[in-house]
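K.L.:
Given chain B, put chain W in place with the hints provided.
Protein sequences, first through last, are from chains B and W.
Going by this note's numbering, the first sequence opens with residue 1, and the numbers climb by one from there.
Going by this note's numbering, the second sequence opens with residue 1, and the numbers climb by one from there.
Treat the hints loosely; a few may be bogus.
Stated by the list, open to error - Okay, the calculated bits of chain B under chain W, using three or more residues with CB under 8 Å as the criterion: (1) 260–271; (2) 304–311.
To be verified - Reference listing, derived: stretches of chain B covered by chain W, where coverage requires no fewer than 3 residues with Cβ under 8 Å from a Cβ of chain W: (3) 33–46; (4) 147–153; (5) 284–292.
Hint data in this document are derived by calculation from the structure and do not stem from the laboratory.
Computed from a predicted model, the values in this text were never measured in an experiment.
C-beta: ideal position from N, C-alpha, C; glycine also.
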Amino acid sequence: MGPRPFFESLMKIRPFRIALVVVTSLIPLALLAILIFLARYSWPALTFNGWHFLAGHTWSLGNLYADPIKQRGVLAPIGADYGILVFIVGTLLTSAFALAIAIPISLGVAVFLAEGLRSRLRTPLSFVVELLAAVPSVVYGLWGYAVLTPLVAHTIGPGLRATLGFLPFFSGPIGSGYGLLAASIVLALMVVPIIAATVRDALAQVPSETKEAAYALGATHFEVVRRAMLPTVRGNIIGACILGLGRALGETMAVLMVSGGALNYFPGNIYSPVTTMASFIVSQLDSAMQDPTGMAVRSLAEIALILFIISVITNIIARLLTGTSRNASPV
Amino acid sequence: MLKKTSRYPLHAVLGGAVLALAAAGILSSPSAAARTLSVTETGSTLLYPLFNLWVPAYTRSHPGVRINTQGTGSGTGISEAISGVAQIGASDAYMSNMQVKQNPAILNIPLAISAQTVNYNIPGLNRIHLKLSGPVLAGIYDGHIRYWNGPAITRLNPGVRLPHHLITPIHRTDGSGDTFIFSQYLSFSTPYWNSHVGYGTTISWPAVPGGLGALGNPGMVQAAAQTPYSIAYIGVSFTKEVDRAHLGTALLKNRAGRFLLPSQKTVGAAAAQLVNKTPVDERISLVFAPGAESYPIINYEYAIVNSDQRSAAMATALRQFLSWAVDTRGGNARSFLRQVRFIALPARISALSRKQIAKIH
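Okay, chain B solo, but in the shape it has when bound (with noise of 0.2 Å):
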């Protein structure tokens, strides 16, 4: 209870409250501000979309060089249709695989960091993991582009299908290596360091009276982590594993440069090019500047609008599992 007198006769200083309240009331606000940009830029791409833009998988800038109409109360280019199905899918299930590939190494990395390593090599080996989560995003594109790419088309690709080619989602053409799959390994790489990191750190808070205790009833090293330490750090995990979310919904680069680049069709198994939202954004903007009367660039921002929104939606998923899940916890 020391700091604690000190810091309630700091509290008593109104410039210093207040500023408290300002600073803490910045990133809401924030948040708040980019999302009323981003409604009110993409207003007219709203209003001239409607809900087709989420249930059409076709996107076409139109003919950019006819002179535009007047359609649906706004000037347009002839031809225009913005359906974005096919990038949500693609967002969704690029995501999705890499958190199926990074959850469990992710968890084996930091278990083994947290206890099956001797202390002297735990602090250096924990420092290269969490290097890892600092590279740029666009190393691990340049890398997934040169050598993971070729890799899958000739080894990791014919691996899967002759192994797991009795699903449907597993079966079928390979292709060139560019796709789905090879989306998935270069996000699951970046986004392993962050969930390791994270519940690694917290493996090592977990009270070592809870590892004695569960000692003392005679579990052995491994049940001691399975039974007592992991439960303890459920919050911590689905926690890291929505961080680890986040990146993967929102990397770019990295993403572009190996997923293929599909257009206006889904993807038919796990080998195919698909396309995410936020590498879509990107690789149109040239083109959709070109676009004199700026629906393109308008229908991109409501693409970042529903990104957006896709992020929200599964940190408050996220937020009620974890919510759950310590209520029900016996610890």
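P.N.:
Frame of chain B, contents of chain W only:
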């Protein structure tokens, strides 16, 4: 509470900062910068290598100018030239009528002529030049022609044993002047493509299962090289990379019905056909030109420049540089263009370009 004991009161510090900023502003403002003037060029990645050859040579003889080059994409080039972020926007595509109407002060100035090849990776057949036409390419890219030994391709290539293998059409994912001229070739030669897909720097590619998107010309070369039975369209300045990847290059059918490869002669012949049709604002497609010797996919590479510059010094610098660029003793010399496989502007076109350059003030 803090008393004003600080040696540098806040307003004094701020004032000093403002003064310093103002001083920096004066230094970089063109009126006082007789020593170096900074010109920003951004846009087309096809023109980017040429600018990188031009700039060191030009600035060596013109020490008063510094030119920064960036390869960002034609759309960015056009929009940053309009907004004034860049003084020269490089673009493979000319501006649309509507864009010109909205921005009457912006000029489209051809700097050189480029071309495009259609390349394929068919194991065993990359050493021979397959014959392909606009309608056949349109069929491949819209999914009507699925196999290499489909009747439409076999008919064009009698005597060639084509494999029964699915074709993987590769297109550009990013906005690109290459997509612009390739889709123009398909549009101008195939009415069906023109009415259903059309042309642009990105187009709504018909869904061909397995069809692939690649990033930039280097991405096109890499994707084609590592995907057997694929086909791609690649800017001619990447011919060296195409050859290194051992891709095949197609003979393309021109308007007169002849199958040709791009060369100094065939690209020059196509350009010559349209010299007299080029309007004074020089916005014209050179794709699918008439004439027996005309290679079908060529284009002007443009500098997009605002004729209404903020300072006289900048206007002068731009006029000087661009005039040098379109001159055959300057930037249009064969020693430069040969390296990126562009060809020089015909005399009448460089005269038109010079007339537009003179409007910059």
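K.L.:
For the segment 147–153 of chain B, do at least 3 residues have a Cβ located nearer than 8 Å to some Cβ of chain W?
P.N.:
holds (count 3)
K.L.:
Taking a Cβ-to-Cβ distance below 8 Å as contact, does the segment 284–292 of chain B have at least three residues touching chain W?
P.N.:
It holds, with 8 qualifying residues against the three required.
K.L.:
Just to make sure I understand the rule, a stretch counts as covered if three or more of its residues have a C-beta closer than 8 Å to a C-beta of the chain. Does the segment 33–46 of chain B meet that for chain W?
P.N.:
violated (count 0)
K.L.:
Is the coverage entry for the segment 260–271 of chain B by chain W consistent with the three-residue Cβ rule at 8 Å?
P.N.:
holds (count 7)
K.L.:
According to a criterion of three or more residues whose C-beta lies within less than 8 Å of a C-beta of chain W, is the segment 304–311 of chain B covered?
P.N.:
violated (count 0)
In terms of the numbered hints stated before, the structure departs from hints 2 and 3, listed from lowest to highest.
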